[in-house]
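*Asks:* Read off the chains here:
Protein chains: 4
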Amino acid sequence: MDGHSHPTTGRPLCSDASLSPCLRRYSEVRAATLHHAAPLSAEDMVVQSMTDASPAKWHLAHTSWFFETFLLSPRSGYAPFDPHYGYLFNSYYEAKGARQPRAQRGILTRPALSDILAYRQYVDHHIRDLITAGLDAESEALLALGLAHEEQHQELLLMDILHLFSLSPLAPAYDPAFAADAPVGETRFLACSGGLVEIGATGGGFAFDNERPRHKVWLEPYQIADRLVRNGDWMAFMHDGGYARPELWLSDGWAHVQVEGWRAPLYWRLDGDRWQEFSLRGLHPVDPDAPVTHISFYEADAFARWAGARLPTEAEWELAARQNGLQQVDDVAWQWTNSAYLGYPGFRPGAGAVGEYNGKFMSGQMTLRGGSAFTPAGHARLTYRNFFAPEKRWVRASLRLARDHA
Amino acid sequence: MDGHSHPTTGRPLCSDASLSPCLRRYSEVRAATLHHAAPLSAEDMVVQSMTDASPAKWHLAHTSWFFETFLLSPRSGYAPFDPHYGYLFNSYYEAKGARQPRAQRGILTRPALSDILAYRQYVDHHIRDLITAGLDAESEALLALGLAHEEQHQELLLMDILHLFSLSPLAPAYDPAFAADAPVGETRFLACSGGLVEIGATGGGFAFDNERPRHKVWLEPYQIADRLVRNGDWMAFMHDGGYARPELWLSDGWAHVQVEGWRAPLYWRLDGDRWQEFSLRGLHPVDPDAPVTHISFYEADAFARWAGARLPTEAEWELAARQNGLQQVDDVAWQWTNSAYLGYPGFRPGAGAVGEYNGKFMSGQMTLRGGSAFTPAGHARLTYRNFFAPEKRWVRASLRLARDHA
Amino acid sequence: MDGHSHPTTGRPLCSDASLSPCLRRYSEVRAATLHHAAPLSAEDMVVQSMTDASPAKWHLAHTSWFFETFLLSPRSGYAPFDPHYGYLFNSYYEAKGARQPRAQRGILTRPALSDILAYRQYVDHHIRDLITAGLDAESEALLALGLAHEEQHQELLLMDILHLFSLSPLAPAYDPAFAADAPVGETRFLACSGGLVEIGATGGGFAFDNERPRHKVWLEPYQIADRLVRNGDWMAFMHDGGYARPELWLSDGWAHVQVEGWRAPLYWRLDGDRWQEFSLRGLHPVDPDAPVTHISFYEADAFARWAGARLPTEAEWELAARQNGLQQVDDVAWQWTNSAYLGYPGFRPGAGAVGEYNGKFMSGQMTLRGGSAFTPAGHARLTYRNFFAPEKRWVRASLRLARDHA
Amino acid sequence: MDGHSHPTTGRPLCSDASLSPCLRRYSEVRAATLHHAAPLSAEDMVVQSMTDASPAKWHLAHTSWFFETFLLSPRSGYAPFDPHYGYLFNSYYEAKGARQPRAQRGILTRPALSDILAYRQYVDHHIRDLITAGLDAESEALLALGLAHEEQHQELLLMDILHLFSLSPLAPAYDPAFAADAPVGETRFLACSGGLVEIGATGGGFAFDNERPRHKVWLEPYQIADRLVRNGDWMAFMHDGGYARPELWLSDGWAHVQVEGWRAPLYWRLDGDRWQEFSLRGLHPVDPDAPVTHISFYEADAFARWAGARLPTEAEWELAARQNGLQQVDDVAWQWTNSAYLGYPGFRPGAGAVGEYNGKFMSGQMTLRGGSAFTPAGHARLTYRNFFAPEKRWVRASLRLARDHA
Ligand SMILES: [Fe+3]
Ligand SMILES: [Fe+3]
Ligand SMILES: [Fe+3]
Ligand SMILES: [Fe+3]
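Those protein sequences? They're chains A, B, C and D, same order as listed. Counting in my numbering, the first sequence runs from 28 upward without gaps. Counting in my numbering, the second sequence runs from 28 upward without gaps. Counting in my numbering, the third sequence runs from 28 upward without gaps. Counting in my numbering, the fourth sequence runs from 28 upward without gaps.
Excised from the complex, chain A in its bound form (with noise of 0.2 angstroms):
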């Protein structure tokens, strides 16, 4: 995901009557941010331990960036906080013109941290005024937008700060009080009728463009598992040769698996006979009761097929959200689907450069719904649509079995 979504129409959040919600969830998104690099230094928010990734100190600019550009550059009058951080902190907008290539973020050692700490000041400085001053309908979905946006790269700092220590031979807690996932009890299957369903959003709050439009899927009766598959589940698919059965794996997921030796999840090691995770509280035991995390699509595909089950269908994973008594929904892990990640029937992008935000994202990309413990509380929805390539792993993703009806 960096490739996220942009809104089309959403909740009246800046009108007039209601001037201090607006600035207080304004607020709140962008000490959130801070709040989530505070356990970080200004050596571990400028480096880069992947092209996926990205440093912690571009997260911080690059949010700021998107209002600057979206919401302050376009009105006469606003000087930039400095002309080079258009090139430096675009990220994919090729309507906002040239920019820093990717996978070199990681060098940006200037501007310093401390001049980053400054642009954010100086722009919330100017949106306050902005939203103080009033905002028409257009300014505010940008401004929700641009929240939203926010929201969506504090996840991104946490996955990529997690990689990046992963990578330490300290292995570095993030936060050694960073709570873990609670145990899971017994999986038990729910049945769906089906039909002629209808997914997405509806007019009424704020969605990204890719959760639009509600549309009509016709659904075979299935059952879906009410919670996520654990750590002691696939410690038995791993027992019983997971990753050593090609009969198992996507064509793809097989390459995978072998070219870069995938033997468990990302973030597993063994150490002696015992499985070790590490996580943002640093190295620990495998919770066998916990859910698994940060298994890419294959591993999740396999494992299912393994289970004798399958992966929900997008459409499948929220009609059951929206009707059954699933578990797990968004507090802990994001769950791939077998749907991949191509717009709705009748989708149209956002007019303008926000119209890049996630359109231009859908081809070789897995969907996945929920929500995580990195996401921001009341950031995602039923109708959320993240995305990523099946081969990614850092996400912190899981599963959630299907199978077709009896």
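Rather than coming from a laboratory, the hints here were simulated on the basis of the structure. Heads up, some of the hints might be wrong.
Identical copies carry no separate label here, and so any pair may be met within one copy or between two of them.
Unchecked claim - Within a straight-line C-alpha distance of at most 20 angstroms, the following computed EDC-like cross-link-like pairs (lysine to aspartate or glutamate) qualify: (1) K123 <-> E274; (2) K243 <-> E225; (3) K123 <-> D279.
Once you have looked at the hints, place chains B, C and D with the ligands on chain A.
*Replies:* Showing chains B, C and D with the ligands alone in chain A's frame:
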């Protein structure tokens, strides 16, 4: 495609009462393969031009290996033609053991072409005996699969030879008399009302497993072009900066444009200020009225966006082909859809090793529909699902536009 | 160079009668390293710009690791500062065990710079105690080696920072007051009569193992330039098609020109129609009278061929430097020779792990002679052998022409 | 080697009084090439097994191109056999224009082998006319060069076919009767006193430019083995952990060991617990008394270090070969030296395009001396300088140990 598709059931082709049609079809398919190879020298047939392609000699051998492996070897008393061939000519069947690495198919100067021709005769002899002795339903299904498989490799052989010859500074013609594509008139959009429709293969005749089960799909009203996009249309796209405007492209497609320097369809070459096209009949001027061919999904998608249209989904294509007056359905070029190649609801791969035929390729690819001038007559069906990765250009692929109902 | 060189014998530096010179030199060298780092922030010091380069923080730590590993750890009772550092800061000493992969030195945001500074103090404290207690000859030699090693890393630190900053769109200056190279006048060729001469280090003072043994070499009469090639000369080469004429280049060099798009020295940039150069003092116009720097061996060799000259051999360079009035011997830039970096006749690497210091790099590299503006004063010698692969350009290297006696 | 070497002067081979020896030598060399190709099918001769290697058909054509380009085409009235061949069969002569990329020599299924054989006859016809008409000194030198060149390609043809066949699971023999290497007895070291000696080609006969000028070299006293290292010796090295002990290896060599998984000479294969070797006569047990072959410079160097010896320099080798009773000088395998392939003092490449023959490869390679069982009889000389990059293993190379005088 070398991922193809296996049949679950089929018309009785080889029942006792109809031995001669069965023998005749077997002989015709096998002879057609040799006919495809007839313009080629032994030298032409040994070389592999890229990892995606295979030597013509390898196609001749592998299609025989398929019959030997799935129909002959399981029978007691059958002596394999050569014990090495199981290794040399297995394509990707993990259940059938280790195999010559795909990228190394071109180093097999031995066995000689004459050995492979003898292998074909040996297999033909034994298969004919088998047919004459009478086939049970399972063997008959495998025979039908083997014949469909061989027909797929006939198309691959032409694709691969065209690619090989396209690399030669001599630009040799495969067959100077190979038929040129007929000119296309102006496109009209046909209206389809959609609704709750069914797609996929019915129980009746031969179909690959990936065409099943027939299932319900909800479709919004749409329009679909009655014919394919033409070279002249493509030139207009090029002249309008089609390959230079990132806003027209999916993000992954744009990366390919830049890294691989795409500026025109794969086999177009600028000769002074005139575009030439290399085809099986050699190098000749691009005919602006003929359908554009040898474009990737990314290019098709970008063109459609430029044209204010989109690609149809698989279901839209199949419904329109069944109901309407589509032209150029299966005799010119495969048609990229905007559907990812995934299993249909309730999809079950075949039992045993042939279960690897299609199912394990269900990630990372897009579906194409129709058929091409390289496809053997009668091979394709309206429910047929061809599939390739979105950047592949050596497929004989074109595009048919669609759009939402106004 | 990170492959350096170890001493076999040396001037008594730390004998009982001269403790204070020994302590003084140790303190000066260690302080100079910190002085080199002074203009840098912690963020600047953590990033690795390419595999060849190392983060400044890593240089600070690794030089301390060298003293700790070879002088302190062998002594009973010494407690390492941190047991992880042996892994983190070993460069390439196989005899000292596993180590952080070279390409991953830049992910070490931890240990923090403050930790490394404390590490330096800890090592300094123990080394000073050791010196004060008196060193035996072997330890004294290792101390001298450690100091020469640290001086080498001072130069590497500057090379690496220049490379890192050169990638930044902000083009930050390391030190705006860093001295510019003085202009050079017209070159004169000096005649050397050659004959049976001796080169290499004599027994007297400190020298690396690769400078020994002193040995006889037969030289034909030759001529050598009294100074380095200038930027203005280089521009003439460029204007004469120097980077576009394969006949001027070694085959491997021409391949680099084409694949990497070399068009000018590494740090030159075309600004409109004026060439700018990026150096430690920032971006500034190229001075046509200053020596050319940051060119590869391939470029030096091509320039020499274009100029109707050649590069000198090591022996020619050393003899001329000893006998003649060469200018810019060691204060501007290292000078590529046409000698491959191989052991001298009778070469013996030092005993133990320090035997890996130089000898194991004796393949694939060319020798450079002299010294550079980045080299600590007093570090180099006329017998000093620097070495890099022929395509490396981030070395502060230039060239001095030679030719056969007319 | 494809980089070879051109002659400056030579014995009168084709003077008026001796037409028939000249014609005879031309005919013999040309026939020998065809003789080398005789065991091969057209299929065997079209495939390129790696970028370093060329198809046998390409060797047949390129050697003819050499005569055509340098001897026939400059003459008015000569009509080239085919205007495409200048592009197709130029190896690396930039002065002769663009050419088929080296890595793409294997896609040339056309022109057919029969075309190439006709090309050879056409060139032969014209060259014989030229000889009969009488050659000036320059043409005679070019003819001698063309013949030496063709002999070099005879060796390359065998090397390349061996490499191609070694990749085949069928392990086909090029010639089951190809002579095995004779067993070697115990090695003795011969003493050489060194001093101021001369090496390099004298004015008399044919020699490549890189063998000239003859020049003085100072040599310290040394010892050199009278014969090559044997397979049994190599097994002892392997059993002593030779491929697992980094202290025995140059740094770049050790990197190759790890990345490419070197565990034995290139063509050795472990069959159960017995080592087999693949050679031109097929697969057979390793003969412990035969010389080791198909090792890289890095392996030779590591073995020598393990044996407490070193490789000889070029000058040491040449002096010993001239003075002493060396065995296996040029009839078994080329012998790696510890000399980099650089120009001799006063080296001048030939005038015109043939100046590219040798000189432009003078970087990144090591020199080999002697000759091999693949080298045509009479081709090599004691002054002959063969050269390959230090990691190449498909050369028929072995090693002869040397050491400093005790
Ligand atoms: Fe973003
Ligand atoms: Fe197949
Ligand atoms: Fe070092
Ligand atoms: Fe050649």
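*Asks:* Each of the hints needs a verdict: does it hold here or not?
*Replies:* Each hint tested on the structure:
Taking the shortest alpha-carbon separations for K123 and E274, only the inter-copy value of 11 angstroms comes in at or below 20 angstroms, while the best intra-copy value is 46 angstroms. Within a single copy, K243 and E225 get their C-alpha atoms as close as 4 angstroms, and across copies as close as 15 angstroms, so both meet the 20 angstroms cut-off. In this homomeric assembly, K123 and D279 come within 20 angstroms of each other (Cα to Cα) only across copies, at 18 angstroms, whereas the closest approach inside a single copy is 35 angstroms.
Figure legend: structure checked against the earlier numbered hints; every hint is met.
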